[in-house]
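Number of protein chains: 2
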Amino acid sequence: MVLGGLRFLKGRGDSILNKPETYSVIGKSIPRVDGVAKATGQAKFAGDISLPGMLIGKVLRSKYAHAKILHVDVSRARKIKGVKAVITGEDTAGKTWDLLNRDVLLLAMDKVRYLGDEIAAVAAVDEDTANEALELIEVDYEVLPAVFDPIEAMKPGAPRIHDLPLNILKKVLVNHGDVEKGFEASDHIFEDKFATRSVIHASIEAHACVASYDSSKKLTVWASTQGPFGRRNQLSLTLDIPTNNIRVIKPHVGGGFGGKNEMLANDFCAALLSMKTGRPVKIVYDREEEFICTRRRHPLIIHIKTGVKKDGTIVAKQCKLIADSGAYANRSPRIVAMCGAWMTLQYRIPNWRYEGYAVYTNNSVTGAQRGWAAPTVRFADDSQMDIIATALGIDPVEIRLKNAVRRGDTTPNRFKITSCGLSDCIKAVAERTKFKEKWGKLPPYRGIGIACGAYPSGMRDLSQDAASAVVQLFEDGTVNLLTGASDIGQGSDTVLCQIAAEELGLGLEDIRITAADTDLVPFDLGTYASRVTFFSGNAIRAAAQDAKRQLFEVVSELLEANVEDLQSRDRWISVKGSPEKGMSFAEAVKAALYKKGLIIIGRGYYHAPDVEPPSLEDGRANISLAHSFAAQVAEVEVDPLTGQVKVLKVTAAHDCGHAINPAGVEGQIEGSISQGLGQCLLEELVISEGKMLNPSFLMYKIPLASNMPLMDPILVETEEAEGPFGAKGVGESTQVPTAAAIANAIYDAIGVRMRELPITPLMILSQKRVLNKEKAL
Amino acid sequence: MVLGGLRFLKGRGDSILNKPETYSVIGKSIPRVDGVAKATGQAKFAGDISLPGMLIGKVLRSKYAHAKILHVDVSRARKIKGVKAVITGEDTAGKTWDLLNRDVLLLAMDKVRYLGDEIAAVAAVDEDTANEALELIEVDYEVLPAVFDPIEAMKPGAPRIHDLPLNILKKVLVNHGDVEKGFEASDHIFEDKFATRSVIHASIEAHACVASYDSSKKLTVWASTQGPFGRRNQLSLTLDIPTNNIRVIKPHVGGGFGGKNEMLANDFCAALLSMKTGRPVKIVYDREEEFICTRRRHPLIIHIKTGVKKDGTIVAKQCKLIADSGAYANRSPRIVAMCGAWMTLQYRIPNWRYEGYAVYTNNSVTGAQRGWAAPTVRFADDSQMDIIATALGIDPVEIRLKNAVRRGDTTPNRFKITSCGLSDCIKAVAERTKFKEKWGKLPPYRGIGIACGAYPSGMRDLSQDAASAVVQLFEDGTVNLLTGASDIGQGSDTVLCQIAAEELGLGLEDIRITAADTDLVPFDLGTYASRVTFFSGNAIRAAAQDAKRQLFEVVSELLEANVEDLQSRDRWISVKGSPEKGMSFAEAVKAALYKKGLIIIGRGYYHAPDVEPPSLEDGRANISLAHSFAAQVAEVEVDPLTGQVKVLKVTAAHDCGHAINPAGVEGQIEGSISQGLGQCLLEELVISEGKMLNPSFLMYKIPLASNMPLMDPILVETEEAEGPFGAKGVGESTQVPTAAAIANAIYDAIGVRMRELPITPLMILSQKRVLNKEKAL
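Protein sequence lines, in the order shown, are assigned to chains U and D.
Using the working numbering, read the first sequence as starting at 1 and increasing by one per residue.
Using the working numbering, read the second sequence as starting at 1001 and increasing by one per residue.
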């Protein structure tokens, strides 16, 4: 249940970009443009695509967590009637997925490194035949000793997973100020250890791909992806097909959360099998594959040492962090580097030292997940903030306000803070929940906790970071908005239509969005790092401005007015101040085409100025122009008999800049609370000797409606000068504080500090459970 | 069989646009980009589209040529199991197809005006059910007197087909100079009458459409069309759907020849039935429907009076022309106006009078067909040229050279002649065939004849005339060319790729063309009036130049050179004169994206400058910037026993500007000779009392391979300053002279002037057959 959201706009000294008194379309809670299609079941997902002559593909996976492959015999599988192709590593020319780390082959050839590693794939006339063929592929393994614990894996004598002297794939070291001097200057020093376990994205839609390679050598792929352009690029490089001969289409996507960012074996194998057979091939992962061979969030071991003044002001902080990265590097080097950044983005830290390790193990592969480890890092750090506040007798709200970052700050990771509503968010949730009246004063087993969060609006990639858009105007005054942005369920299509409509002076119903199909729309990096509204929104606004400029040039002749004196509002283009001197938008487009032969195609692109690619060494750089901020208060009740934690209410204040669609922001907040709550209390991939013991939604528990608290979203709006109409990202910052706020509320309820996620009933009941990783840190 | 084509480039004083010494890609006979798909049968046509849940639609047609509709009862049809929708005129709100003439409803309500007029349509689960439903629709007719002969139809007492005092839908009157004074000043005056019968386009692919209306209110249509943008516009206006909610896709098209320019009932009914049912609906015309209810070429009655000097110089010409337009106006007003233009485009006419009539009859509807009546008009006029030449004892080549239009001329229709290779074409075919040595000197029953032709490169429409294109550059140096141009079999996709490749300095294999899908590509009016190479080619060249300029701006920084000093050739961008100082095209695109965040999207459009929309009154205007010219020589043998005419050889010289793909031009010439020969000797829609007696390829004879002559194409290339790389159109001029050349050859063979098309064996045998329309003129 959701309480009516509170919303107030704070200028906070940020520049306000030509903001008219009122906007027509943005800032309004407009229903989603894809709502009807989804509500009526007509929305097509990749798995719904069916083509004539289509084959079904299946992937053969390693039975061992670590083994040499001596021989793969596919001859029996190939002989089965209905089997049209079998591919192994030999068909992939030893190529790698991962162009940066180059530690993983498309299909394993020499070794397998986790239970689920891909060895071969088949395409057959139906699923049963494909499964039968998989069973007939004979793989001779030589089983190798394996290692699953990152602490053990780091030791010199551990089984070597890759050709490296140690299993440490990346060590990140950051020094800012002088942390030792900082500790000396501190009145108190706190040292705490925390750990988190594996969780998965748990998107309701499984990874699905249909690939069709035709006689013109064109590969068309329908994929559940967060970014079809990245997928196109990966397919081009791995299959040696020129970029312009690949079309990747993103149909509707049923959730991504970072898990559909990168290409998995289903896409690659479907494409290669289609090339081999000349027929379309579909591969849809079953739910078990979703658990064992997609990606998971990094389990972290986090040791934090913080020095503070008596009044709670942070003087120095040191963090050592170990991430179980699983069998292959994937994004671990960057994510581990970013873990340091997330430690330093909410609270000012004059002296800082960070030591982060990404470690290979024979567990399954890790990857990006909503917030890139920020929710888990903040669980640790915001838990310690409460430990400090309690020890010093300071209110948790006050200690956060005292240390909160502010506009104009530069963090130890070199992030430059522009618009910043963090303090206002803290105040908003504190006031709204009467935090100070409740904290420490609630009845037994009832508790209240607060935590903060922040996240960039897009992150500069190593190579580039850009978005583009095209706006086509039609003679009836309607518009086609072409964008590479990928709505994967978050509602960005609606937000982007609002931006185009506002800029053009039209209604939302005049805009059709055509998105995320590489043949239809211009380049965009896709959905990740909370970048869509910011990057794609800016590109779309620029494209709309370009179209409007072209149109105004025609109108200025007809109305005998200067281009700069014209305005477009409510489908009417007129001279500012003389609305009667005008013409309809549709008439203007008609005039452009009929009188001038001018076909209006607005073109816009956005490339964040003055950001830097992250350092490959320590990840530091000003990688984003804007950051969103958040504070959440959780109220809980703990059942002392069962250990069950019931979250009663989460009050969540978020600074997402100027909210283009407040209902959409509230939706992100609510979804984040659900996911944060699940990952705090319910979710854990139980992995034993590399084998997942609970690869199904029967045993891996995501929150049900009955687990959900009352939710009270508060929009603390700032005006971000660089954002489109002042907007910033909202998709990830919203989840960052949730687990920490709940953990702090549990402490308030039962007086026991829980240092490991998930916080299960067993842990509550045992109470004295300690970290078994303690000695390592 | 095709002889090796001869090719020579004539500058003819036309400006040569920055023409480098040699081109890399254009001017070369490169195989078609769609060749493999078509040769392997993988190319998909609209009728090949099949969607889940798709219904089959069928159209109910009038049983009478002229009748009142008293009542339409669809209740029994609706009750059949498997029938999902039945629509009648009541569902179309009395709307019209034809926004200019407004004389035809989407589905007939009050009256039917020809045998085939559309009354209702059904959508059912399969074809049998749909046909059963059609039979159960009961229509009460009140049969009205009908008229089929245009001469009869023009009379005051004739049955009135529309609410007009007479059945004359358009009278065009043009006076230029003083025709009476011209006749007075002439040494000889010739008067002749000619007639032509109905022929159809006979595209091998029937009209097909699949329409799918979805829950987001978007209509997607796969249609066999010559221009998806026009189709989109017609669907938008007739169905009240905003333009941006309609996507029209042109799959491969198996021939159009003007017959797939306009929307027919299959498109509209499929769309409306899909809206009614929420399911995809396919309507494919059967071959009989192709004959009875698509469009046909106007049968013409042509009276020409020409005054000449003794030396054959034309002094004055007068033409009266009557066109049987069938039941509805469609394009008849413009086509009849253009018939006058075609009379005056080849030979200089100082004094000219034209009187053209478009007449309603109860025959089926006429429309555009390759050359818009130019081939039939030229049959008459070039036949009379030979009559004059023979009478004056002048060689047919000489009389044509004497009167041929030249660069700088303005025709009586106000056409301004720019590049003009007409005289060179005449000389080329004459020399090549040794015409003068053969004419009048061949053995009995063998003959040789010559005729000329010309056609614009695009015609300014009443409203507008424009093409646009987008060129996207990818980091691997490949390109996506987005164009609204519609390849309907003529090979334009290949030509357009060549233009883009040449401009960008890439190979043809680097270009992928994405064409004729209104969601993918920018606006283009489509394929008609020989406009594609000229208009779309110019737009594409402009888009490629725009992309290149953006790229050069990046490269100029990297190479420290001025933009204007850069060149791109063979995938290498370098400083002119210092090819070693350069970088690869792909590296440049990468640098633009990675260093500048610049996504290169070139945008180009073309709108012919200084052309005028045609006068609604008499059609006069300078509607095109360029004209193609042609001369053909036919050599025939007549069998005096059977009357069969065997065309032995056609030598065809064509000035299409600079040929981008000579093989493609030769293909157009060969196809035109086939169609021209068919319409000259074989093809006739036999219509009796409005009923077609031969609606099948068994009885309506298009040429077989065995009917085809030796063909000897000659390319007389000029450089057209306004054309892309000097090119002009070629799709229609090529057919213009064929029938006339064959008719003139028949006269040379048997000494009898055939004045009616088609020239059947019976006509040859009867020899004295006369025009029964004589008295009317």
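Since the hints were derived computationally from the structure, they do not count as laboratory data.
No residue lacks a Cβ here, since even glycine has one placed at the ideal position from N, Cα and C.
Keep in mind that a hint or two might mislead.
[Claimed, not checked] Chain U is nowhere near these chain D residues, computed Cβ spacing over 12 Å in every case: (1) K1038; (2) D1163; (3) K1193; (4) K1217; (5) G1278; (6) G1393; (7) L1482; (8) A1539; (9) K1576; (10) G1604; (11) Y1606; (12) K1691; (13) P1761.
[As the list claims (entries may be wrong)] Anything over 12 Å on all C-beta distances counts as not near chain U; from chain D, calculated: (14) D1103; (15) L1173; (16) S1215; (17) D1519; (18) G1602; (19) L1693.
[Claimed, not checked] Computed cross-link-like contacts, DSS-like style, restricted to lysine-lysine with a CA-CA straight-line distance of at most 30 Å: (20) U/K416 - D/K1595; (21) U/K218 - D/K1218; (22) U/K590 - D/K1217; (23) D/K1416 - U/K590; (24) U/K38 - D/K1276; (25) D/K1590 - U/K416; (26) D/K1416 - U/K218; (27) D/K1590 - U/K95; (28) D/K1044 - U/K218; (29) U/K217 - D/K1276; (30) D/K1044 - U/K276; (31) D/K1590 - U/K217.
Inset, instruction - Mind listing which of the numbered hints don't hold for this structure, in increasing order? - result: 1, 4, 5, 7, 8, 10, 11, 16, 17, 18, 26 and 29
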